[in-house]
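J.: Work the whole structure out from these sequences, hints included.
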Amino acid sequence: MFSTQIYAPIGAWRQTGQLSKAVAFCFVRVTTITPSSSSITRFPVDLRLACAAIHHHQSRSFSSTPAARLREFFPVKDTAHIKTTQPAWPHHGYTYEELTSVVPAHREPRGVGDWVAWKIVRLARYCMDKATGMDRQQQVDKKHPTTAVMAQKPLTESQWLIRFIFLESIAGVPGMVGGMLRHLDSLRRMKRDNGWIETLLEESYNERMHLLTFMTMCEPGWFMKMMIIGAQGVFFNSLFVAYLLCPNIVHRFVGYLEEEAVHTYTRCIKEIEDGHLPRWTDSRFQIPELAINYWKIPEEHRTMKDLILYIRADEAVHRGVNHTLGNLNQKEDPNPFVSQFKDRVQPPNAALQPTGYERSDVI
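Here my numbering = 1-based position in the sequence shown + 13.
Read the hints as simulated data drawn from the structure, not as lab findings. Treat the hints with caution; some may be incorrect.
Said to hold, decoys possible - Below are the EDC-like pairs computed for lysine to aspartate or glutamate, each with C-alpha atoms no more than 16 Å apart in a straight line:
| hint | residue 1 | residue 2 |
| --- | --- | --- |
| 1 | K166 | D346 |
| 2 | K204 | E345 |
| 3 | K204 | D346 |
| 4 | K318 | E110 |
| 5 | K318 | E286 |
| 6 | K309 | D319 |
| 7 | K309 | E121 |
| 8 | K156 | E121 |
| 9 | K318 | D346 |
| 10 | K318 | D295 |
| 11 | K166 | E345 |
What the hints assert, rightly or not - Okay, the calculated beta carbon distance ranges per label pair:
| hint | residue 1 | residue 2 | range |
| --- | --- | --- | --- |
| 12 | R202 | V254 | 18 to 26 Å |
| 13 | K238 | P103 | 41 to 49 Å |
| 14 | N207 | W102 | 35 to 43 Å |
| 15 | H314 | K204 | 40 to 48 Å |
Note that the structure is a prediction, hence the values are computed from the model and not measured. Backbone N, C-alpha and C define an ideal beta-carbon position, used for all residues, glycine too.
T.: Here it is, written out as structure tokens:
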């Protein structure tokens with residue numbers, strides 16, 4: 014498997030003073046240095062991708078080292094009695110038809126709250142593009158930012174991994190914040206939550222599994238870790254206050270955030286199909302064992318493209334769920350995605366409803 018390590022230059026210490034501004038939607042420029050050594054695991058060519066966000070004029074570097082030099086990210090703790098620990102929320106899996114039926118889409122804002130949520134997501138996307146070194150030629154049509162996937166210049170494998178890790182480290186926050194606050198609200202009001210808490214916590218768990226999957230392929234350096242810590246602190250506290258005041262707007266915000274995620278993974282899939290990411294199309298490339306076990310991926314669909322298809326399908330579910338929850342009465346309505354209906358056998362399919370269900374359709 015190819016693995017990527019993200020480095021920052023010695024001069025990056027000067028940038029740490031600006032870190033809080035960077036994660037609070039300011040500009041960040043990250044440069045790289047060529048590492049003296051790197052390694053791979055479970056791949057015979059002994060190549061390791063050794064670059065991340067770079068200046069436009071700086072070249073990307075590669076190096077090789079024995080496979081034994083790659084540290085184990087998630088070592089299994091050996092105990093006297095426990096053999097394995099299964100996921101708390103086993104993944105339900107997808108058919109291949111479900112994986113390929115996901116498409117980028119956008120729900121047009123229908124009020125001031127929707128408009129504010131959409132503009133915050135657009136600002137966050139703009140700043141992430143700057144922070145991860147995306148130049149103008151690598152950007153898609155600005156008139157259709159969540160549906161257009163064509164760009165003059167493709168991203169590299171390292172750029173994609175940086176974006177994936179930063180995106181997933183943030184995407185796992187909203188579900189936990191919402192689930193926690195609804196749990197506490199249920200205790201205070203001494204009333205049932207009607208299925209919202211479990212769905213939100215499972216969403217957060219699922220996003221964390223995305224992050225762990227990419228972490229087995231990419232080892233961030235200290236500067237990237239500091240960016241994630243700062244972004245998580247700002248994001249968590251902002252969502253905490255916002256969810257107390259306007260939970261429906263927060264769900265709309267998350268719906269728009271998931272639109273960006275679906276768009277990101279769709280574009281990556283297209284660049285893999287177009288042959289722009291050769292290391293991920295190499296027949297010897299192996300996806301992480303963690304991903305195979307979690308999604309129960311069949312042996313004939315264990316390429317990097319297939320892995321991205323599974324993750325994109327998850328994001329499509331979160332997109333539809335949050336857009337739908339944003340349409341509901343936050344205090345009284347049950348969660349339609351875990352409810353039994355009077356007029357239908359199966360619950361609504363969030364992945365196939367990218368703009369979400371209206372309240373009249375499910376309540």
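J.: If a hint holds in the structure, say so; if it does not, say that too.
T.: Going through the hints against the structure:
For the hint linking K166 to D346, the alpha-carbon distance of about 46 Å lies beyond 16 Å, and the restraint is violated. Among the hinted pairs, K204 with E345 is consistent with the structure: their alpha-carbon atoms are about 10 Å apart, no more than 16 Å. Of the supplied pair hints, the one linking K204 and D346 holds, its CA atoms being roughly 12 Å apart against a limit of 16 Å. A distance of roughly 15 Å separates the Cα atoms of K318 and E110; the hinted pair therefore holds under the 16 Å criterion.
Taking the CA atoms of K318 and E286, the gap is near 8 Å; set against the 16 Å cutoff, the hint holds. Of the pairs offered as hints, the one joining K309 and D319 holds, with about 12 Å between alpha carbons and a cut-off of 16 Å not exceeded. Of the pairs offered as hints, the one joining K309 and E121 is violated, with about 35 Å between alpha carbons and a cut-off of 16 Å exceeded. Pair hint K156 plus E121 holds up; C-alpha atoms about 13 Å apart against a cutoff of 16 Å.
Among the hinted pairs, K318 with D346 is inconsistent with the structure: their alpha-carbon atoms are about 38 Å apart, more than 16 Å. For the hint linking K318 to D295, the alpha-carbon distance of about 11 Å falls within 16 Å, and the restraint holds. A C-alpha spacing of about 49 Å is found between K166 and E345, which places the hinted pair above 16 Å, so the restraint is violated. Take R202 and V254: their Cβ atoms lie about 20 Å apart, and the range 18 to 26 Å holds.
Our hint of 41 to 49 Å for K238 and P103 is violated, since their Cβ atoms are close to 30 Å apart. The hinted window of 35 to 43 Å between N207 and W102 is violated, with their beta carbons roughly 19 Å apart. A C-beta distance of roughly 44 Å is found between H314 and K204, which places it inside the suggested range of 40 to 48 Å.
Going through the hint list in order, the structure does not satisfy hints 1, 7, 9, 11, 13 and 14.
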